[in-house]
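Number of protein chains: 2
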Amino acid sequence: MNINKRIKVAQFGLGPIGISSLRLLARKSWVEVVGGIDIRPELIGRSLGEITGDLSSFPEAKVYESFAALLASTEVDAIVHTAGSKAEQSFAQIRPMLEHGIAVVSSCEELLFPALRAPETTQEIDELCQTTGGRVLGTGVNPGYVLDVLPICLSGVCASVKGVYGERVVDASTRRQPLQKKVGSGMDPEEFRSLASQGKAGHAGFQESLALIANSLGWKIGMISETIDPVIADHDIETAYFSVETGQTAGLHQVVQAETAEGFWIHLDLKMYLDAENPHDMIRLDSSPSIEATIPGGVAGDLATVAALVNAIPSLLNAKPGVRLMTDLSVPHCRESLGMEPALEAESAL
Amino acid sequence: MNINKRIKVAQFGLGPIGISSLRLLARKSWVEVVGGIDIRPELIGRSLGEITGDLSSFPEAKVYESFAALLASTEVDAIVHTAGSKAEQSFAQIRPMLEHGIAVVSSCEELLFPALRAPETTQEIDELCQTTGGRVLGTGVNPGYVLDVLPICLSGVCASVKGVYGERVVDASTRRQPLQKKVGSGMDPEEFRSLASQGKAGHAGFQESLALIANSLGWKIGMISETIDPVIADHDIETAYFSVETGQTAGLHQVVQAETAEGFWIHLDLKMYLDAENPHDMIRLDSSPSIEATIPGGVAGDLATVAALVNAIPSLLNAKPGVRLMTDLSVPHCRESLGMEPALEAESAL
Chain H
1 MNINKRIKVA QFGLGPIGIS SLRLLARKSW VEVVGGIDIR PELIGRSLGE
51 ITGDLSSFPE AKVYESFAAL LASTEVDAIV HTAGSKAEQS FAQIRPMLEH
101 GIAVVSSCEE LLFPALRAPE TTQEIDELCQ TTGGRVLGTG VNPGYVLDVL
151 PICLSGVCAS VKGVYGERVV DASTRRQPLQ KKVGSGMDPE EFRSLASQGK
201 AGHAGFQESL ALIANSLGWK IGMISETIDP VIADHDIETA YFSVETGQTA
251 GLHQVVQAET AEGFWIHLDL KMYLDAENPH DMIRLDSSPS IEATIPGGVA
301 GDLATVAALV NAIPSLLNAK PGVRLMTDLS VPHCRESLGM EPALEAESAL
Chain U
1001 MNINKRIKVA QFGLGPIGIS SLRLLARKSW VEVVGGIDIR PELIGRSLGE
1051 ITGDLSSFPE AKVYESFAAL LASTEVDAIV HTAGSKAEQS FAQIRPMLEH
1101 GIAVVSSCEE LLFPALRAPE TTQEIDELCQ TTGGRVLGTG VNPGYVLDVL
1151 PICLSGVCAS VKGVYGERVV DASTRRQPLQ KKVGSGMDPE EFRSLASQGK
1201 AGHAGFQESL ALIANSLGWK IGMISETIDP VIADHDIETA YFSVETGQTA
1251 GLHQVVQAET AEGFWIHLDL KMYLDAENPH DMIRLDSSPS IEATIPGGVA
1301 GDLATVAALV NAIPSLLNAK PGVRLMTDLS VPHCRESLGM EPALEAESAL
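Those sequence lines, one after another, are chains H and U. Using this note's numbering, you'd call the opening residue of the first sequence number 1 and step up by one each time. Using this note's numbering, you'd call the opening residue of the second sequence number 1001 and step up by one each time.
Only chain H is shown next, with the shape it has when bound in the complex (with noise of 0.2 Å):
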């Protein structure tokens, strides 16, 4: 990579995770925005600057309809992808991309690991990659980090892992209206239950967070087992989106379980809903030696997660080309610059 040659990045998805990436795009001096990617006509040819509500930062990008489009105006060498939590029809997605040589972070749980839901599309996916040079990664803060990449990390000051304990609770009445309704908020308990056992409410790339370390720690595990029920409200809530009276749905809980012939265990507990006390991510390896850590108040949700999208990028192109997996890529981390980046310089990925 050319440190004086700043990343050409386009957006695919312009939803509020996707304006909000472009507004931390624009803010980092290594990224040149070369183009937003959207289905919806009445933004195709808009220019970011008005969409985004921030005139000064685009002076030329604007909205394609499809990245066939995009690369028919523009070089481009990484791309955003905020637009599903399903591998199959992110890969769909992607593809073209990928075909492409690009580099693609997206926030598709499913992408967190991929194997897990679509195997051989993962695998036909990384083979294309090997052939054009692309790679794909899927991250974010739940999954991508408190859940998954925060435990794997702590575990590497210990010469032995026996479990893997991970807790994180969501007061969703500080979010935005979209995670207040995705928890169930209001809802009938039973009605909640009834979509969750369809697998039409719940917290996606939960078992795919449970992968992840089962996978860096080298545990083949069996079957993983999730459950999802509601939090039942214990007092009448009333929040900027939603009323919700005692005995209603405040929001979720979900836990997925996994362990290991040989007795290795992961635990991963998640509550989110209206008014919930004490939010905060915690870890507690039972390792040799032990670690628990907390984070009091937990890692915020919308800009972390974009946060984690943007700082990814780097990291990607210097990674070998491919399904690649956070644990694949160097420690995460925010950047001012890319100047002082000894690895970067050395590298050629671009």
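Quick caveat, the hints were computed from the structure, so don't treat them as lab data. Computed from a predicted model, the values in this text were never measured in an experiment. In this text, a Cβ means the ideal position worked out from N, Cα and C, and glycines have one as well. One thing to keep in mind: the hints can contain errors.
[To be verified] Listed below are several chain H residues computed to face chain U (Cβ distance under 10 Å; list not exhaustive):
{"hint": "1", "residue": "Val157"}
{"hint": "2", "residue": "Trp219"}
{"hint": "3", "residue": "Asp281"}
{"hint": "4", "residue": "Ser337"}
Could you slot chain U onto chain H? The hints should help.
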């Protein structure tokens, strides 16, 4: 790297940390211990089983007087180096290994960021590695993890970082004799100050922790300021090794600080003293979003140090040849086996 082939590892330096490293290496299924290296005549030629008290784990491996003697008897892929704190001296010991394309993981504190004190040798060694395929990395717990890699990793979910604060409080009463001695236990405070001002007391590698953080964030810092003061005993203290009277030195308080022209700042604070209350590690980022993480009790010392060294071996073998930093390597983690790691499978580092 052929995942069915174990990594051939030798241990350079057979002090307490070196012995502990051998014991851990023996428990890793992906390691084949091929020998030890130490200059002490009474050790040379003895079996590692005898020296470690673990006869079954080392049926044949023994102690050699030098790397050359080891190499005359066996193949070796990687060496764990635990024999000094100074970059120049360690580079001199490690150079012959790098000439043979070996990967060396070292506990040498200054090698965490060797360009700080030995910029010319670092460049020369890096160039050597480009021709031989050798790799060298400095790591550990402190420096190497709690006050550098951990805050760096936490910045991975930050859109921007203005400042990094880290503190570590170690209860030296719980640690072995060399650490109690190193922190000045029982010394006259003025004598401790005098030794510290001559660079003969204090925690090594602290400025390197700061430099690694600044480098990863892309901050161009100026002068690093460092202070080392005695912690004065406010009561009589009796440990297994020292009797410290009120008014004598009970330990050390060391601080490194730096800032950039733009006002970005790093402040790291280390206290290691007898009878310390509330030992812990704590990181607080002045960032967007802000993040604070606490490890109650702190990451324990010697075993964690050895774990950090051993855990880094496969990551270093997967990295590009050269003088490597922890931030060049994949996210640190413990490994039960290497079998499930796609990145390792795809590699041909060996």
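Hints, one by one, checked against the model:
1. Of the supplied interface hints, the one on Val157(H) holds, with its beta-carbon coming within about 4 Å of a beta-carbon of chain U, less than 10 Å.
2. Because the beta carbon of Trp219(H) sits about 6 Å from the nearest beta carbon in chain U, less than 10 Å, this interface hint is met.
3. Nearest Cβ of chain U to the Cβ of Asp281(H): about 9 Å, under the 10 Å cut. The hint holds.
4. With 10 Å as the threshold, the beta carbon of Ser337(H) comes within range of chain U, its nearest partner Cβ sitting at about 4 Å, so the hint holds.
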